[in-house]
Amino acid sequence: MYNKVFIVDDDEVSIFLTETILEAESFATECRGFLDAQQALQSLLESAEGNEEALPEVIFLDLNMPFLSGWDFIEALAPYEEALKGRCRIYILTSSVDEQERRRANSSSLVAGFLQKPLEDQWVLQLKRSY
Amino acid sequence: MNVFYSPLQHSAGLESMRLEQLNRRYFNNYPDAIYTIGMDNAFHTVNNTVCQVLQRSREELVGQSFSLFIHPEHWEESVGYFRAASQGAPQRYQTVVLRENGESVFLDVTNFPLKVDGEMVGILGIAKDITLQKERERALLQTSQELQRQNEELELFRKIIAHDFRSPIARLLGLGKLLQKDNLPEKTKQTAVNAILQSAQQLDGMVRDLNQMLTLHHQGDEPRELCDVEELVQLCLSDLQQEISNAEATVTMAGSESLHLFTVKAFLTSIIRNLLSNAIKYRQPGRPLEVVVSVVQHDNEAVISVADNGTGMDLEQVGTSLFKMYKRFHHEIDGKGLGLYLVKEQVRLLGGRIEVESTPGAGTTFTLRLPIL
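These protein sequences, in sequence, are chains A and B.
To convert, note that position 44 of the first sequence is 44 in full-length UniProt numbering; the numbers rise steadily by one, no gaps.
To convert, note that position 89 of the second sequence is 89 in full-length UniProt numbering; the numbers rise steadily by one, no gaps.
For the record, the hints were derived by calculation from the structure and aren't laboratory data.
Think of the CB as a built atom: it goes at the ideal place given N, C-alpha and C, for glycine as much as any other residue.
Errors might be hidden in some of the hints.
Claimed, not checked - DSSO-like cross-link-like pairs, simulated, lysine-lysine; straight-line CA separation at most 27 Å: (1) B:K177 to A:K128; (2) A:K4 to B:K181; (3) B:K189 to A:K128; (4) B:K187 to A:K4; (5) A:K4 to B:K189; (6) A:K4 to B:K177; (7) A:K128 to B:K181; (8) B:K128 to B:K115.
Stated by the list, open to error - To list a few chain A residues with every Cβ distance to chain B over 12 Å, as calculated: (9) F27; (10) T29; (11) G50; (12) Y91.
Assemble the whole structure, with the sequences as input and the hints as a guide.
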């Protein structure tokens, strides 16, 4: 079981769904949902600067969000790649079926995987096994 | 070309008389406009086609400066070309002349210097009416611009389908799967059922909006009618009565003059409705919403503004995306993001403009300017 998981998504229902599925599979002790990507980013940056224990092990990140998109989010984390490496894995979780976004995710070293909504039980199990 | 010199020459003799008559007939009936202009800029001779093109009689033309008949926008360049030809260099160019009734005729002009005994006396010109070609060119350009715009829109629709329509569908799929699970807590089940309904409603709204938008693009030449702006605002207010009373909002009309616009009623109604509905949607929690709709005439424009004391926006952050499709700038508010895009498109089709001013925490004012006629 993971310790801490972040869900970053501007859609309340999406957070509810992901949380419920993760709970049902006993995925993590703590699930934190962020409707505001900026808040999640702030929390991560604070932890990355010296308090690495507080980092979540897994982040589910939506792409299409107002003000701060998933891509902006990843870009803002780029300077902290070393601190995040091996400690915090970012999975894109999007409803988009745009192949360009999948390619972009694959080419980003900070992204551990590209998942399409809805989150499938089998993926959750797979991620849990790789713990 | 020597034959055309005859009108200016004074040769005698039977043979040359016959030739001159023949030339004159040929000159007069030639399908292109042929003319001579003296060094004083005045028409010296004109054939029938010149008269037809300018729709003026020979008497009205001969002795008059040619520049009187040139479209003012082309006056300077035409005078320049004339000068060059009268200094000995043949010129070919396009220009526009004006008929007495204000109609424009596009001409392809060739002017040759005209010399008698080695001395410049003026120019000989031939002008072809190319109005039809010009109109076709313009239509072709318009068609290709329209095609380009439609292609860009197609790409936009692809993105909408890939990103935005997928979103409620993915939610419905996820919620459906969730409800299939055994031993779900009752509260979770209830939340999921509510969310299914909400997602389905959102999807429905998006389909309706998209349909409205696609219909919009096939329009543009809708019948216009005389609309009383205040009456339309009242109509929108009664449509939104439920929302207004739920929000406990006060809507007041400012600007007492009654204003009539010659415009597309359905578009104007939709614009005002969308602006009012936005004001209600983005009200500041804990502060009674006040909306002021003002209607005034300024020169030849109707200025309609909708001002609220709602949440406002940081326009620098929002930038140019405000009027784009499916852009939302507020958290936790159910917005489909199409409203302002529709507003902008309808304003464009009506030949108007829309501006926005906003202060975060204080409110937003949308100002719409539409031509009265």
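| request: Could you check the structure against the hints above and give me the numbers of any it violates, in ascending order? | output: none
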